[in-house]
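Taken in sequence, the protein lines are chains A and B.
Take the first sequence: its letter number 99 is residue 99 in this note's numbering, and every next letter is one higher.
Take the second sequence: its letter number 146 is residue 146 in this note's numbering, and every next letter is one higher.
Hints are computed from structural coordinates only; laboratory data are not their basis.
Just so you know, these numbers come straight off a predicted model, no measurement behind them.
Every residue gets a Cβ at the ideal spot worked out from N, C-alpha and C, and that includes glycine.
Treat the hints with caution; some may be incorrect.
Heads up, simulated DSBU-like pairs for lysine-lysine below, C-alpha to C-alpha not over 35 angstroms straight-line [what the hints assert, rightly or not]:
no. : chain 1 : residue 1 : chain 2 : residue 2
1   : A       : K59       : B       : K26
2   : A       : K59       : B       : K148
3   : B       : K148      : A       : K77
4   : B       : K150      : A       : K77
5   : B       : K118      : A       : K59
6   : A       : K59       : B       : K76
7   : A       : K77       : B       : K245
8   : A       : K15       : B       : K76
9   : A       : K59       : B       : K150
10  : A       : K15       : B       : K26
Pairwise CB distance ranges, derived in the manner of DEER restraints [as the list claims (entries may be wrong)]:
no. : chain 1 : residue 1 : chain 2 : residue 2 : range
11  : A       : Q94       : B       : N107      : 43 to 53 angstroms
12  : A       : R127      : B       : M217      : 35 to 45 angstroms
13  : A       : K120      : B       : V259      : 29 to 39 angstroms
14  : B       : A237      : A       : K36       : 29 to 39 angstroms
15  : A       : G86       : B       : N107      : 45 to 55 angstroms
16  : B       : R226      : A       : E95       : 20 to 30 angstroms
17  : A       : A7        : B       : H192      : 30 to 40 angstroms
18  : B       : V164      : A       : R122      : 45 to 55 angstroms
19  : B       : E267      : A       : Q74       : 35 to 45 angstroms
20  : B       : P236      : A       : Q98       : 29 to 39 angstroms
21  : B       : L115      : A       : Q98       : 39 to 49 angstroms
22  : A       : K36       : B       : V259      : 34 to 44 angstroms
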Amino acid sequence: MYSMNGAFVISQSDKRPMYLQIMEQMKQRIAVGDWKEGQAIPSIRQLAVDLEVSVITVKRAYLELEREGVIVTQQGKGSHVASTPGLGAKLREQELEQHLEQAMRIAAMLGIQPKELEEKLREAGDRFSGNGNGKI
Amino acid sequence: MSDLAIELSGVGKRYKYFALDNIHLKVPAGQIMGLIGPNGAGKSTTIRIMLGLVHQDSGEVRVLGHRMPTEQVAAKWDIGFASEDMRLYESMTLGWHMSFMQRIYPNWDSAYAQLLLKRFGLRADQKIKGLSHGQRVKATLLLVLARKAKLLVLDEPTTGLDPVARHEILRELTAVMAEEGRSILFSSHNTHDVEQISDQITFIDRGRIIDSMDKEMYLDRWRRLRLEVPHGVELPALPGIIGIKRDGRLAVATANAYVPDLAHAYESTGARVQRVENMTLEEIFVANVEHSREEVEA
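Work the whole structure out from these sequences, hints included.
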């Protein structure tokens, strides 16, 4: 009964709500290909037991992922990954976009123009490749 | 049976120096309810009224469909109750207690009891008087869990435990939820435990319920807004904001009914919203108790 989903880890030092952490880790499983398109995934109750968190928190994560079209839940049949071709690649791209948007937001707050931001991105890229494996 | 495991309506109880006032509480079947409150808030009294151990002066109590305290004898078969002041027989072994419970309760699950013994690191031949505080708590919980009661009522099950023992107990409580239709109510002042495993939360302070609702909805309503406010701009009082702290150009507003419009309303005054942060249950707990005490005193 224990830990069929052992690598799901909820971090206590992560400031984000638990349901967001669960969503992210489910998306990662799809992004790296461990969870394939159309594959059945654990029931809400099972994942709650494995993660040792409340059913309502896992339910929230499932509902949000369903709304985003990442998973599909059918009454009585359980949940599975959406059968969208290339879903994993899309999720990886989406993650990058979110980081870029975040960078744009901070730049706007600091009054940095898009041209200047482009320059900074290029510099960051140089530092990244200069450090071999990208350990910054 | 109704789909409520516990229902308290308008419950009151008056003591010389303390009163429970107009308590309304609903625990849906199949869910975990966390009861949070400072010391002396009325958590234990509320729990004892639910169990029929203390009789309310006013109001109605139903537990698993049984009216309390009049039907407490019938209700007790379905309720597993554990609290710190529960007495075990000091000179007897844990194994003796286990067979004692097995004789009384027809639903006693011996295999599960043996499994819990192993998971909790306890031994059946240990005498109660030789147990540490943590072992006693785990022994009491083992005796309650193996009864497989429909409803578990636990008064401070994790208080005074080391992190490993706490984790073991939280794991067993969430594992109970694998079986649909079983319910748990537990009290705690460890907000982290409550945030992790409860589906519903109830805040109680000074004998009153401040809030009682779905945990996800509740966490979603509370936010902290970090604002940059130009000199000369006064921040307006907005509905849903319970407090603002300001220091020069920086301000922090706490919302207990957050909607994105709140951020827009601040921006229309010329302030800039730097960040909208989620709050932990602990932060909400403190802000909420302070806010509600201010309101009562005002």
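If you test the structure against every hint from before, which numbers come out violated? 7, 8, 14 and 17
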